[in-house]
Structure formats: C-alpha cells, structure tokens
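Protein chains: 2
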Amino acid sequence: MSNKTDAGFEEIRRALDAARSICVASHVRPDGDAYGSCIAMALFLRALGKDVSVWNEEGLTAKFGYLPEGSIVTKPSAAPRDFDVLLALDTSTKERLGSVLGGLGRVGTWINVDHHASNHRYGDINFIGDAPATAQIVYDYLRFAGADITEEMAVNLYVGMSTDTGSFQYDRTSPHTFRVAADLIERGVNVPLISQAMYDSYPRRRIELLKALLNSAWFGCDERAASFSLSLETIHRLGVLPEDCEGLIDHLRAIEGVQVAVFFEELPEGKVRVSMRSKEPHYDVSRICGIFGGGGHAQAAGARIPGELSAVEEKVLEVVCNEIRKHN
Amino acid sequence: MSNKTDAGFEEIRRALDAARSICVASHVRPDGDAYGSCIAMALFLRALGKDVSVWNEEGLTAKFGYLPEGSIVTKPSAAPRDFDVLLALDTSTKERLGSVLGGLGRVGTWINVDHHASNHRYGDINFIGDAPATAQIVYDYLRFAGADITEEMAVNLYVGMSTDTGSFQYDRTSPHTFRVAADLIERGVNVPLISQAMYDSYPRRRIELLKALLNSAWFGCDERAASFSLSLETIHRLGVLPEDCEGLIDHLRAIEGVQVAVFFEELPEGKVRVSMRSKEPHYDVSRICGIFGGGGHAQAAGARIPGELSAVEEKVLEVVCNEIRKHN
Chain A
133 MSNKTDAGFE EIRRALDAAR SICVASHVRP DGDAYGSCIA MALFLRALGK DVSVWNEEGL
193 TAKFGYLPEG SIVTKPSAAP RDFDVLLALD TSTKERLGSV LGGLGRVGTW INVDHHASNH
253 RYGDINFIGD APATAQIVYD YLRFAGADIT EEMAVNLYVG MSTDTGSFQY DRTSPHTFRV
313 AADLIERGVN VPLISQAMYD SYPRRRIELL KALLNSAWFG CDERAASFSL SLETIHRLGV
373 LPEDCEGLID HLRAIEGVQV AVFFEELPEG KVRVSMRSKE PHYDVSRICG IFGGGGHAQA
433 AGARIPGELS AVEEKVLEVV CNEIRKHN
Chain B
133 MSNKTDAGFE EIRRALDAAR SICVASHVRP DGDAYGSCIA MALFLRALGK DVSVWNEEGL
193 TAKFGYLPEG SIVTKPSAAP RDFDVLLALD TSTKERLGSV LGGLGRVGTW INVDHHASNH
253 RYGDINFIGD APATAQIVYD YLRFAGADIT EEMAVNLYVG MSTDTGSFQY DRTSPHTFRV
313 AADLIERGVN VPLISQAMYD SYPRRRIELL KALLNSAWFG CDERAASFSL SLETIHRLGV
373 LPEDCEGLID HLRAIEGVQV AVFFEELPEG KVRVSMRSKE PHYDVSRICG IFGGGGHAQA
433 AGARIPGELS AVEEKVLEVV CNEIRKHN
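Chain order of the listed sequences is A and B. Positions in the first sequence are counted from 1; adding 132 to them yields the numbering used here. Positions in the second sequence are counted from 1; adding 132 to them yields the numbering used here.
Hint data in this document are derived by calculation from the structure and do not stem from the laboratory. Be a bit skeptical, because a hint or two may be false.
It does not matter which identical chain is used: a pair holds within one copy or between any two.
[As the list claims (entries may be wrong)] Subject to a maximum C-alpha distance of 30 angstroms in a straight line, what follows is the list of computed BS3-like cross-link-like pairs (lysine-lysine): (1) Lys226 / Lys403; (2) Lys403 / Lys343; (3) Lys447 / Lys207; (4) Lys343 / Lys447; (5) Lys447 / Lys182; (6) Lys226 / Lys343; (7) Lys343 / Lys458; (8) Lys403 / Lys182; (9) Lys207 / Lys226; (10) Lys458 / Lys182; (11) Lys182 / Lys207; (12) Lys182 / Lys226; (13) Lys458 / Lys447; (14) Lys343 / Lys182; (15) Lys207 / Lys458; (16) Lys207 / Lys343.
Bear in mind the structure is a predicted one, so any value in this text is a computation, not a measurement.
With the hints as extra help, turn the sequences into a complete structure.
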C-alpha cells in the first residue's frame, strides 16, 4: 500500500514538476475539504514557483472566509484559459467541476486526486486514496514531496480533515488521521479557534431554518426513515443561502432507530436537491441516489431530481422504505 | 511539567498499591468523561486484584448503556461502607459526588484526580491536570503505571476524551490529545461505531425538545447573548430526561456574534438549573455563575438558583448583559 501510494505520488510529482501553469479546482457546492485541499496544494505549488490558479464555480463562499489565504480561490475565468495541468481535488466526476469546465482551454494533463470510492477516474493520472478526506491525501503528498508545510497550509488541511470526518467521527477516520491532525496542530493550528470558525459560527438565520425544518419533519417505516424539507418559500422568507443547510441532515441521522435520513431542498429550476445519509453501510444510499441519477458514498449521497417537491418526496421515500424493509 | 506529573502519579500509585478496597466515584449528572474515566480506572484496578466499587449517584444512565463494562457502575450502597481509598475522578468539589457521600463510611485516603482548574483540592492527594478531559489524565496515569490498556479501557477513555472535548474541538485539545486518541484506536476503538453511539443515538423526543427550545429562544444585548428555557410543563409533556438536554446549548453558542449562551431548566424543587457557555475566555462564565453560587470553567459553567423560571431568567440575563457590555 505504501509502495503503491508512493508510485502514484511519484507520477503526480513528475507531472507537476514538468508543469508551468497549473489550475487547481474542486467541485460545485464546495465544502471544507474541497477548499482546504485546493488552497494548501496551491500554496505549495506557488512556493515551487508555479503559475497557479485556484478555481471553484462559487469562488470562495462567505462561510469559508476564515480560511487562511482563501482569497487565492476565484471563480473560473470567463474566457477559456490553457493550463499545463488541471489538478482536480475531491471531485468524483468531471461534471462536478461545474463552470470550471467552461473556463478551460487546452489542458496538457488532467490529474484527479480524490477519496471518493465512486470516483470516475477521468484523469490522465488518477489517485483515489483510502482516506476520510482528500486533505489527508494532500498532506501525505506534501510530506512525500518534502514540502515545508506552513501554518497556512496546516490550517487549510486541518479544516478539510475535520469537516469531512464530521469532526473526527466518520468511517475511515484512522490513527493516521489523528496523528496527521496532531502534526498540523504543531504546525500552528489553533484548535478551539478554528473549531469555532468551522462549527460555532452560523448566522442566526440557520437556527430559524432549523426550526422550520424540524416543523416539517417526517418519520416513516417504523421510524427507521426520517426526512425534512425546505421549500423555496422558506428559503426566500428566511434568506437561506445554500451553505446554511450544510450538516443539518445530521439532526435526523442522530435519532435513535433512524437508519436513513433524507433532506429535500426545492431548487429554483424545478428540481429538488436530495441529500441522503445512512447509519450503516449496508443501507447503501449512493445506490438509492444512483436510481435517481445521483451518487456519492455508501453512507452519504445525493441527487438532483426534476419534479415538484411533494412528488419527489413521495417517490424517493418510497424507494428508501423499500430498501429498508429489504434488510429487515 | 513531566517531572511534576510523574511525582503526582507516583504518590497516587503508592496509595493505590497500598489499598485493598477502593471506591471510584464521580459527579452528579455524570457525563462521558465521568463514566469513561471511572470505568477504565476501575478495570485497571480490578486487574491488579483490588476490591473495586464504582459509584455514581445515578448508577449508569441509559444513554451510556453502550460503554463496555458499564455495568460495573452502581448507585452508592444504602448502608455506609468503609474503603481504604476513595478515588474521585472529574469531580471539582466533594459535594458534587452527591449521594455517594452518604454511602461512605470510614475512608482511609481521599484521592482527587480532575482537570477542572476550579477544583477545590479536597483530597489527601490532589492531581489537577492541564488536560481537556480527565480521561486523558487517566490514560497518562495508566501508561505511567505500566497498565495493559485493554480494548474495553480504550473505548471508555476515548468516550471520555471525545465527549469532553466536544469531539476534539474545545480548548486544551492538544497534539497529545490526538496522539492518545490514535493510540486508543489502535487498541480497538471503532471510531464510526462509537461516534454513532456518542453523537448519533438520541431518542426522538430530543428533536421535539430542541423544537420546543428553539421556540423559546431569546436574543439580547445586540444578539451577543442568547438563551432558551425548558419549563417543567414541557419536561412532563415530552417525557424529557436530564440526559436529553446535554449539548443542546451548543445550538445557541454556534450562532455568529453570540458571546454568551444560557440554558435555563426548571427543576422540580423550585430551583432553576442554569448552564452557561462563552465563546471567548475573557467572558468568564464561571465567575458569572459564581455570583449565583455555581462554578465551572471559564467557558462552560453552571449554577442551581432558587426561584421561579422567569424571575431567574431575568436576574441572570441582566448580569450576563452587564458582563458583555463591560468588555465592549
């Protein structure tokens, strides 16, 4: 495993070393792992003297304004630009790069580094690691490449690892994960300060949003499935931003007996965004979401489904309950 | 510091070695750190052949039924019993042992091991460590004493450390904390499984409780203070157990701009239980709670105040707002 990792890293290093212009990019609806991985890697590549752009469809969202050197992240350029290397981080399919694709001209080499098992391996070089966060792979790579991991890189990597593991709780959080965190703290991460930025700095409207969601809560198939829904009306009334919703599904997942939790969010374009979580890997929600054209991990997946909110709810919850009944 | 620790540990070891009967006890309203520290220490002492009792006023609460060897914890005996050593863990004052005190006859040596800076040093031997959880001190002691840390001990220590750090987020969570966690995982802790037991296994009534609390939310002094309240009526209507409330105050603390969060809980005996959290150490809520006869840490404290719910709310929030205004 270590050899295989090193071989993969060696190939990536050769490609990066040979490149002059590099675009580091990540997925739509970016999270802490997408941003943290990209920023840390970009800071390293800049230190090597590369011409680096960091692109995300949304630029840097306000919620992640606390990330050191976060302003390095921009929206993709309007006119297509050529790059020697496109380095996609934490992005399971090319399509999930969103509007980044429109900003790309000629790309010499596509490098695809990710921790999603469902990754489509769309790169010229693919490195799909067994890690709870892409940031952990980036850390391992930086150590492999002999990088001087600065405090700014450390904080970005820590945010990626902490947020993608639900604060060191989810599957694949390993002794290595904890030791990497310890090392990052020694490089300057202030744990209570950054934890507060990550987890204790929600706008007040998020509490109003939670109240509205709890009022819409639904329980079914002997309380083994639970869902709540967010209508466009509520989004407008409370001024909800997409990032406000992050993590709220955990309130349902945290209920004893609930095996599958579902969050329905009405989108403006006549679609519904469905997020799904399962408590045990044998309820593979990526398979359920796959039925509706989505994907993800076994225990955390999603889909965007055309249709009215109530109709999508009914359709999806029926499939969820059938799946649950199959296993009991 | 290491020398001082070792000296303290050496004194504890001598006292425990000399003892035949040992009572390991912890505070009322026990949390994961109280239980985890006690159970791990008791398993070690039993392996040494000691006659060990583990007492808590509440015995083992249902919420912590997942702790390995948790059944070792009992309520104090009705008739006073003599012990060579009373080992109090995670308990800042003798009084916080609650009904344990009534079960004690003659005690040879009081040992007091804790991580609360406000600890009253009521033992014959006191070890007040700079750690985010008493479980981390217990781990260090077990390593010092050459213990064979079994999987059962590891899980109990991990639960203590994880719960008392808010899943590795709070102040004093250090590189050592993370490395201890890594070691405990290698000794058999299943991270996703135990995290689910700790954080994703709340009864459905907790969600109903949260809804009720959010509906009572109050914001004051430019939204820098926030509170919610739980009346006896709601407690009875929803069948709320004391343990259901744990952690709910974090919903208020997590709101941007809120410096001090307060949770008021009406108690049956004409008192109100007040829990207080602050975001920054310069708002010392243990001092505010001290005014009302309580105490705790700078950023997490509490008090039990006689009076009607609404009267106590008014009185406490006035002091909180005065404190906040002083700092701005």
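Starting from the hint list further up, note which numbers the structure goes against and sort them upward.
3, 5, 6, 7, 8, 10, 14, 15, 16
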